[in-house]
Amino acid sequence: MTPVAVTGLGVVSGFGLGVEPFWSGLLAGRSGLRPIERFAASGAPLVGAVDGLEVRAFAQTALARRIDRTSLLALAACRLAIADAGGLPASAPDQLGLVLGSALGNLGETTLFLDRLFARGAGNPLLFPNLVMNASLSYASIELGVTGPTALITEQDASGEAAIAWGAQWVAAGRAEVVLAGAADELDPIIVEVLRDTGAIDPSGPHPLDRRAAGCAPGEGATVLVLEPLSAARARGARVYATLVPHDGFSVPSPVHGWPADATALGRRLAAVVGDADLIVAAADGAPVRDRLESDALAVAVGDRRPAITAPRGAIGAFGSAGALGVATAVLAVHHSRVPPTLGCESPRSSTLDVVRDGARAAAVRVAVAHGLARGGVCRPVRVEAVGG
Amino acid sequence: MGRAVAITGLGAVTAVGPNVPALATAVVDGRCGIRPLELFTAQGRCSIAASADAAVVDAETALDAPSRRRLSRADRFALAASAEACAAAGLDAAEREATAVFVGATTAGMRETEEFYRRRRAGETARFRPSHLLGASLAAPGAVVAQALGLFGARSTMSTACSSSALAIGAAVDAIRQGRTRTALALGCDQLCRLTYAGFDALQALDPAACRPFDRERHGLSLGEGAGALLLEDAEHARARGATIHAVVLGWGTTTDAHHVTAPHPQGAGAVRALTAALADAARPATAVDYVNAHGSATKQNDEIEVGALRAVLGASLGRIPVSSSKSQVGHTLAAAGAIEAVVTVLALRDGRLPATVGLATPEWDDVDFVPTPGRHASIGIAASSSYGFGGHNVTLVLARPEAA
Chain H
1 MTPVAVTGLG VVSGFGLGVE PFWSGLLAGR SGLRPIERFA ASGAPLVGAV DGLEVRAFAQ
61 TALARRIDRT SLLALAACRL AIADAGGLPA SAPDQLGLVL GSALGNLGET TLFLDRLFAR
121 GAGNPLLFPN LVMNASLSYA SIELGVTGPT ALITEQDASG EAAIAWGAQW VAAGRAEVVL
181 AGAADELDPI IVEVLRDTGA IDPSGPHPLD RRAAGCAPGE GATVLVLEPL SAARARGARV
241 YATLVPHDGF SVPSPVHGWP ADATALGRRL AAVVGDADLI VAAADGAPVR DRLESDALAV
301 AVGDRRPAIT APRGAIGAFG SAGALGVATA VLAVHHSRVP PTLGCESPRS STLDVVRDGA
361 RAAAVRVAVA HGLARGGVCR PVRVEAVGG
Chain Y
1 MGRAVAITGL GAVTAVGPNV PALATAVVDG RCGIRPLELF TAQGRCSIAA SADAAVVDAE
61 TALDAPSRRR LSRADRFALA ASAEACAAAG LDAAEREATA VFVGATTAGM RETEEFYRRR
121 RAGETARFRP SHLLGASLAA PGAVVAQALG LFGARSTMST ACSSSALAIG AAVDAIRQGR
181 TRTALALGCD QLCRLTYAGF DALQALDPAA CRPFDRERHG LSLGEGAGAL LLEDAEHARA
241 RGATIHAVVL GWGTTTDAHH VTAPHPQGAG AVRALTAALA DAARPATAVD YVNAHGSATK
301 QNDEIEVGAL RAVLGASLGR IPVSSSKSQV GHTLAAAGAI EAVVTVLALR DGRLPATVGL
361 ATPEWDDVDF VPTPGRHASI GIAASSSYGF GGHNVTLVLA RPEAA
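Going down the list, the sequences are from chains H and Y.
Residue numbering for the first sequence follows the working numbering, beginning at 1 and increasing consecutively.
Residue numbering for the second sequence follows the working numbering, beginning at 1 and increasing consecutively.
Please note that the accuracy of each hint is not assured.
Said to hold, decoys possible - Not everything, but these chain H residues come out facing chain Y in the computed CB check (under 8 angstroms):
1. T2
2. L152
3. G303
Stated by the list, open to error - The following residues of chain Y were derived to be distant from chain H, with all beta-carbon distances above 10 angstroms:
4. C32
5. A100
6. T160
7. G199
8. A243
Since the hints were derived computationally from the structure, they do not count as laboratory data.
All C-beta atoms in this analysis are idealised placements derived from N, C-alpha and C, irrespective of residue type, glycine included.
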């Protein structure tokens, strides 16, 4: 299959808008977590919220003035990725595709719609179009003029990895010449309320892959990649960050709404994907059950090797699409030969794992794997390789 | 183009019955599953729907107790249809374990989620566990099906509104053609819920009476619920293990309108390109199409644009190609529509009996051969099935009888 090049990156995170604040923040070991400003909430002292996201800065059509937050996060990441790539490569209009992931979509306006429905018995016709899971896909396709294949992929905690893998698959298989692929999820009051009441938040901040892991910090954000065949990128002299190797992933026995119990079985299947990795970008976010599962599974998967491991959710917070930012981390690590530290990890759970702490590490990264893991037993690793590797 | 793709198992739960035989009889007899809404009280203009029976299925026993307790109606529809498709395909345990799962969903467990949220806001917190809200993921039905039936290949859930499960079928076709899996379950499921019901009603998209696709007197759609499932397989693999091949997928196409968040493109540009792309992918000319199972949602706008798109692609052949819509029987099942209609189309190819368009009395267009009630006997070789989603996501599938491939 055709090697797939990453030629543009758009990141929207608690660090700000764009790749630069995200990457420099991660490398410096800074936190993108802050107290919530956008709405009142208790029980979540620190969140990974995106500030200063203006509709008019990213939405140009009259229609898009009604855009919801999740869709705006996705659209912003699309526009930032296109700008980062120096514009979209020329292709026939039908040959531009778009794949967006989201775990929960437009939850904020869904609760507003339901509040009114329960109070008055009527739905709000102005809100309803925004509530479909594919609203972000619809808005971005209209704003960017994407008329080729499009898909909204939703896979709980692995929605980001799944959507990017899907986009890479479409490029590799020739379903489109250029694909924008990424994911977005928003933070809103109901999410904070639910996480707080289920004891999922660590008030002291997250400690991913650490013995003290006791909960996450809720976050939001988006990342979109510009993907095209490596040969096409080279022919037009484009900057290529890295290549993606599409992997369909696999699934393992698990409770439907929970995490797989057998870390060893998961680790054995993961070994085939991470066996030669120099870096693994972990999905750990400080939630104890998931962290333990991932830590134990990775220990099995890497065996005697000691690839570097980093978990960016300690700095950006936890949300269903955070894995898209994990893929961006893997891409940037390969491109810049730097591995950012894992914020909040001081005493790693596993002595087998080489968790990068105490500052960024300079290291040649030929192969990086962003590890996507979702409730219900889905595993979606995304393999990133250095160009010419 | 890669390997040929066979359909070796079918499953369906709809308002006209809990399985494929019930659907097969009903679509030809022209029975209508649209009736007064009983699941909840709707306070708008409309109070009918095509409700399905969420019966408990045997496969549930394979799930752990907490997963079983929290099954939504959509999960049950999905599981029943998938169990039927897998049983029909006759896969052994090892073949099941390697099977990929592609799901289309738009509401999934929304009805249960609404109820938990309502209780929470009403202060009835005693019976409310907040974790239920996070369990309302659209990915839940896929997890239920994979865990209960032991399908541990790759798994993906997609949501492009009413074309979601047609896209899932296309994704499964690509995975088999490219040799990424030998067997794949493509599934679509959705359940009736207050959110979509009130939303479509507020947009004045619902017909207060049972919907009438392509009729001059059509006034909107009728919502439905259920699931459709197809077991897709590398044709060579299917033949080698002696499986019955009900039909084959010749090709598919997907395009985007990039026009409006709810309204379709006025000239149906995306629909035209989806059908054209599907035929190109199938390497068949427009003249090869023998039957069209239309999206036919029965809204003023959709049916007009869809007929225009068929005319644009099929040209002079259109008058001799039978066209029907199954939504007047099973309702518009949103994410399930593409898969249920693909099942209906496979049955038409396999059994040589064309489904009726119930409620169609006075067709608005006289240059189209709509199939009224009852259906008709006709031997067809190649059929197209189209699905168009909110937000301008169009998918067309081209299916064929094995001997016509």
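To see whether the hints hold, each was checked on the structure:
no.: 1; hint: T2; verdict: violated (12 angstroms)
no.: 2; hint: L152; verdict: holds (5 angstroms)
no.: 3; hint: G303; verdict: violated (23 angstroms)
no.: 4; hint: C32; verdict: holds (26 angstroms)
no.: 5; hint: A100; verdict: violated (7 angstroms)
no.: 6; hint: T160; verdict: violated (5 angstroms)
no.: 7; hint: G199; verdict: violated (4 angstroms)
no.: 8; hint: A243; verdict: holds (23 angstroms)
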